[in-house]
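S.K.: Here is what each chain is made of, one letter per residue.
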Amino acid sequence: MEHLFNLTASGDVVLSLLVFLPLFGAITLFLLPEDNDSLARSVAMFFAGAAFLVSLTLLKLFEVGTPRMQFVEMMDWIPSLGVKYILGVDGLSIWLLILTTLLSLLVIFASTSIAQRLRSYLGCLLLLETGMLGSFVALDGITFYMFYELMLIPMYFLIGVWGGKRKIYAALKFFIYTALGSLLMLVAIVYLGLSHEQQFGELSFYLGDWVNLRFGAKEELLLFAAFALAFSIKIPLFPLHTWLPDAHVEAPTGGSVILAGVLLKLGIYGLIRFAMPIFPGAIEALAPVFVVLGVAGIVYGALVAWVQTDIKKLVAYSSVSHLGFCVLGLAALNMQGMQGSVLQMINHGISTGALFFLVGVLYDRKHTRLIADYGGLAQKVPMFAFVFMVFTLSSVGLPLTNGFVGEFLILLGGFQYNPVAGAVAVTGVVLGALYMLSLYRRVIFGSFNEERNGDLTDLNPREKLVFAPLLVLVFLIGVYPQPFLNRIEPSTRAVLEYVNQRNAVAPSVVAENPALRRTSVPQGPESRLEVVEN
Amino acid sequence: MEKTLLLVPLFPLVGALLTYVISGKDERHHRMAGWIATFAAVGSFILTFQLWRALSAVEGSVITAHAWTWFEVLPFKVEFAFLFDRLAAVMTLIITGVGSLIHLYAIGYMSHDPERPRFFAYLNLFLFAMLLLVLGDNLLVMFVGWEGVGLCSYLLIGFWHRDMGNAVAGQKAFVVNRIGDAGFLLGMFLLVMMTGSLEFQQLSQQIPYVDPMMIELAAILLFIGAVGKSAQIPLYVWLPDAMAGPTPVSALIHAATMVTAGVYMMARMQVLYSFAPAALSVVLIVGTLTAFVAATIAIVQNDIKKVLAYSTVSQLGYMFMAMGSAAFSNGIFHVVTHAFFKACLFMGAGSVIHGCHHEQDMRKFGGLWRKMPLTFVTYLISTLAIAGFPFTSGFFSKDAILWTVFNVAEDAPAMNHTVVVFGDIPLNLFCWGVGVLTALMTAFYMTRSLMMTFFGKYRGHHEPHESPMVMTIPLMILAALAAGFGFVYGEAFMEYLVGWTRIDMQVGHHALAEHNEVYHTLELFSMGVAILGIVIGVLCYSVCSGIPKALVKHAKGLHNFLVNKWWVDEFYQAVLIRPLSGFSTFLFKSIDRVLIDGILVNGSGMFVEAGGDVLRRLQSGRTSSYAFLMFVSLFLLILLYLVFMPVPI
Chain A
1 MEHLFNLTAS GDVVLSLLVF LPLFGAITLF LLPEDNDSLA RSVAMFFAGA
51 AFLVSLTLLK LFEVGTPRMQ FVEMMDWIPS LGVKYILGVD GLSIWLLILT
101 TLLSLLVIFA STSIAQRLRS YLGCLLLLET GMLGSFVALD GITFYMFYEL
151 MLIPMYFLIG VWGGKRKIYA ALKFFIYTAL GSLLMLVAIV YLGLSHEQQF
201 GELSFYLGDW VNLRFGAKEE LLLFAAFALA FSIKIPLFPL HTWLPDAHVE
251 APTGGSVILA GVLLKLGIYG LIRFAMPIFP GAIEALAPVF VVLGVAGIVY
301 GALVAWVQTD IKKLVAYSSV SHLGFCVLGL AALNMQGMQG SVLQMINHGI
351 STGALFFLVG VLYDRKHTRL IADYGGLAQK VPMFAFVFMV FTLSSVGLPL
401 TNGFVGEFLI LLGGFQYNPV AGAVAVTGVV LGALYMLSLY RRVIFGSFNE
451 ERNGDLTDLN PREKLVFAPL LVLVFLIGVY PQPFLNRIEP STRAVLEYVN
501 QRNAVAPSVV AENPALRRTS VPQGPESRLE VVEN
Chain B
1 MEKTLLLVPL FPLVGALLTY VISGKDERHH RMAGWIATFA AVGSFILTFQ
51 LWRALSAVEG SVITAHAWTW FEVLPFKVEF AFLFDRLAAV MTLIITGVGS
101 LIHLYAIGYM SHDPERPRFF AYLNLFLFAM LLLVLGDNLL VMFVGWEGVG
151 LCSYLLIGFW HRDMGNAVAG QKAFVVNRIG DAGFLLGMFL LVMMTGSLEF
201 QQLSQQIPYV DPMMIELAAI LLFIGAVGKS AQIPLYVWLP DAMAGPTPVS
251 ALIHAATMVT AGVYMMARMQ VLYSFAPAAL SVVLIVGTLT AFVAATIAIV
301 QNDIKKVLAY STVSQLGYMF MAMGSAAFSN GIFHVVTHAF FKACLFMGAG
351 SVIHGCHHEQ DMRKFGGLWR KMPLTFVTYL ISTLAIAGFP FTSGFFSKDA
401 ILWTVFNVAE DAPAMNHTVV VFGDIPLNLF CWGVGVLTAL MTAFYMTRSL
451 MMTFFGKYRG HHEPHESPMV MTIPLMILAA LAAGFGFVYG EAFMEYLVGW
501 TRIDMQVGHH ALAEHNEVYH TLELFSMGVA ILGIVIGVLC YSVCSGIPKA
551 LVKHAKGLHN FLVNKWWVDE FYQAVLIRPL SGFSTFLFKS IDRVLIDGIL
601 VNGSGMFVEA GGDVLRRLQS GRTSSYAFLM FVSLFLLILL YLVFMPVPI
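These protein sequence lines are chains A and B, in that order.
Under the working numbering, the first residue of the first sequence carries the number 1, and numbering increases by one thereafter.
Under the working numbering, the first residue of the second sequence carries the number 1, and numbering increases by one thereafter.
Pulled out of the complex, with its shape left as it was, chain A reads as follows:
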């Protein structure tokens, strides 16, 4: 774990550049005249494109085979509170950064269907991108929290302003639900900072310092629960998922793509990055709970998806099922599961992102998302049918598409953790085929209603450009996932080994270092808030 958290600044500022490019873009947008849509889009494209290029450069310079944090930036931010500005990227986050910049670029590129207040829409997307990128690279609790919350506001507006009929309800629900979780996490973050002061004599919110903290069993469980709740809502882990279908159904296409493609991943990412190394004992103790909820989510999400009548809602529930797989892989606490889990985050971002784009294509043309309103589309829009088929197969995890490798590794890991859990999770493979293929069949096959859908047009060049990179990724990861796995592996291995090692020696550490043992019962974290504010 040393290589993860004993950091030295690299002297690069490339991560800051990456994180704040979209923010500059957003600021530039707000300086532009409001009604010039094409100019606004060009500017947004420029900044999102630049961020994408920077992230590709990062990928190129990224050193493979080491779990070390790379491109580290460190400086004091609020010295009196011990808050530092620490950024770094490792195998866990590198692909998530690429995914974020790619999907953001595509969403901005595909924003032609936004009829009103395009400038603000694009501004929100760019702001959101900064929030997501920042969350993936921040290694200081407070900095992380700031970026994490920064995502909330633009997403709230994306749903609330550009959303569908029940947009206000959905936006509010999304906001309150996620904010509730993250507030608890804030409490835990502050508590951790203060614990560091108590145990080591200085306030610190740096993750590398936090891993040295030792807690009593109950205390660790409570703190872990605060983090886990926030992240579980984000994932969303069954049964904390009900905000997701509402948010997805009401959100505009771009919002849905980002929400499913990137935002949900922050839950899994947060668990691996923060919760696992800081609370290795708690994660091991509670792993069965996560396995059970993950598996329950897989089956539950799939069954509920099966009976949906709204395409978008179906895809939303399929996310619950897919993210259940990710949770299972993570909680299995073995290499196969973890690797699969991290890879599956990328895969889900690609395939579900694309599926939401596809729903958007239909919605832009016919303004309905009901499955029953379509049918027989293969006769009218063959290109659309083909693209839809590929992403459907990717979603059901057909071998040689991206979905398979991740799912296979997760199930293998899950099976090794507990064969029964693995066996139940495997039914997700069957149910996945059931709901996705029956969606595909009802939309694409059968007789075509010329009267209702006669004016449907096939993918236009812009849409083809949107799907092209995602299609390439589907097969690239499916056929040759090794470049992806290679970069992820050292980091997941480091985390896992650290957790195992800590759990193996945990009792003795406390026993041999009385200084680490807590003598006084700490006061409730709420009362400490005042101290921080002073």
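None of these hints come from the bench; they were simulated from the model.
Do not rely on the hints blindly, as some may be mistaken.
[As the list claims (entries may be wrong)] Covered stretches of chain B (in silico footprint by chain A; criterion: 3 or more residues with CB under 8 Å from a CB of chain A, positions within the stretch not fixed):
| # | segment |
| --- | --- |
| 1 | 69-81 |
| 2 | 145-154 |
| 3 | 178-185 |
| 4 | 565-579 |
| 5 | 589-599 |
[What the hints assert, rightly or not] Short, incomplete list of chain B residues facing chain A, as computed with Cβ under 10 Å:
| # | residue |
| --- | --- |
| 6 | HIS161 |
| 7 | MET164 |
| 8 | ASN166 |
Glycine residues also receive a C-beta, built at the ideal position from the N, C-alpha and C atoms.
We have chain A already, so just place chain B on it with the hints.
M.R.: Coordinates of chain B only, in the frame set by chain A:
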């Protein structure tokens, strides 16, 4: 040779891409599609032939090729690698050989279809997947092919997708197959846990040292995969529906190649199965039951393709009977002969359907032997072959299976097959009896289809015509193989395969080589059974046509039961699909919307809101109410103090 091996699956893949690309182009390109696809298949066949020659040149050799490392999470590693040994050679030759003929046939069959480039793209893609399945040198590459053929099957069954029924059939095939695949996956997980690898070589070495219980479990789990793919009880229900696809598809995928994948898998994993006697007993029972049940249904079908579909299920059951008796090479022998005669039968049926303007009901056929002589002769030969008429290839392979089933306890005492007994009859004898009965039924229902189609008076409306050469040439080649392969090459073939297998050496040898007295008696018995079935069939559908009608009349219940396919689909619908769908709706409407979202989530929101509303009233801004509140509170506090304060003594 390594490069040649890599090229074998690559040819049809490239063919698939090329034909798919030209699907958007004009009619002239469309005409090319079939030839491109056929060329790819033939090219693959020629390469396979070369490989086979090279393999035979050196005794005991195998050809391997490594493409790339697919993925690794150390210590677990999966290579994308291929293995060409005798078993793979046999399968590959069948797939590319019979596949080429069916491609050629399809050029004629699909000549009027506006979307044929797409059809040929799928067909070539299927060949690619099927080749991965049989050439993979580990279970996971096999699984890639396994799921890949499932996908192509799905796409081709629903090829005429305007009709929702076809699309539903395709989806049913995919989902039911996925149930099997789930078992396959679990079997793989178990093997990884036990041995740390999925490579066939590694597995064979490790398996003897693994806990026998785990071996049995893994064998059963993998067999569940085979049950799905090879349409065995209880997962066979997708195959009859799969006849919705174009007939060349039925011939290639749902008769000759894909559905035999389960048999191939067991042959490939024979080391595992030879250490799993209990699992083999299960295989034997499932195979026997499937053979029997499907044959009973085939007897009453009127759709010619449905007859052939159920007969395929039944013949697959025979193959699994062989596998369950640990006679792996016998099973593969039947795979080969079945590929010849069943592909020929399906394409013959296709030729009839094509000639009669897409009519499939045998009641609307009749007397076609005059109009379609070539189709008739080839269909006749294949019918004799599947019926087990003496010295046709079907006779040799089916007889070998029945013999091994009869003899299994004696030949392979280690297999422990007599554990399960029905009363006094050992399991294998019971299965043998059912197998013989099924052989009788097979001869009968195939003769029935022959008689209804080609003899009597023509009962249709359209003028039937013989199919073009491009369709009849493949028929003739396959009919020749169906007739003569067993007689000419049967012994050589078994020797060839037995040289490859290690486990069933004795069984295989006994089956054909050792001609003891019992064997001869049984052989004569089988001949008699086949001929009896054929004679009954001929009689019932020519001179004594009153008999079947009378039977239908007097045994109405039984007839209904069989016509409705033992009510299995209805049973699944009532016991599985509808409850699951109802449960899902319940989950969504009651649990998700009402309980979780309504009561817990929005409920807590409303609670806070309502609470806020109550508290808001307190801050009304009126001094009088504040004063009142203050007074009441003070009073309450004093009261509390007096009640709870301990009295100082």
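S.K.: Each hint: holds or not?
M.R.: A quick look at each hint next to the structure:
Here the segment 69-81 of chain B counts 7 residues with a CB under 8 Å from a CB of chain A, which clears the bar of 3, and the coverage holds. With 4 residues carrying a beta carbon less than 8 Å from a beta carbon of chain A, the segment 145-154 of chain B meets the three-residue requirement, and the given coverage holds. With a threshold of 8 Å between beta carbons, the proposed coverage of the segment 178-185 of chain B by chain A holds, since 5 of its residues qualify and at least three are required. Residues of the segment 565-579 of chain B with a Cβ under 8 Å from some Cβ of chain A number 0, which does not satisfy the need for three, so the listed coverage is violated.
Evaluation of the coverage hint for the segment 589-599 of chain B: fulfilled, as 3 residues show C-beta separations to chain A shorter than 8 Å, against a requirement of three. Here the hint on B/HIS161 is kept, as its CB sits about 4 Å from the closest CB of chain A, short of 10 Å. A hinted interface residue such as B/MET164 counts as satisfied when its beta carbon comes closer than 10 Å to some beta carbon of chain A; here the least separation is about 4 Å, so the hint holds. Interface hint status for B/ASN166: upheld, as the beta-carbon distance to the closest one in chain A is roughly 8 Å, under 10 Å.
Hint 4 from the list above is the single one not met by this structure.
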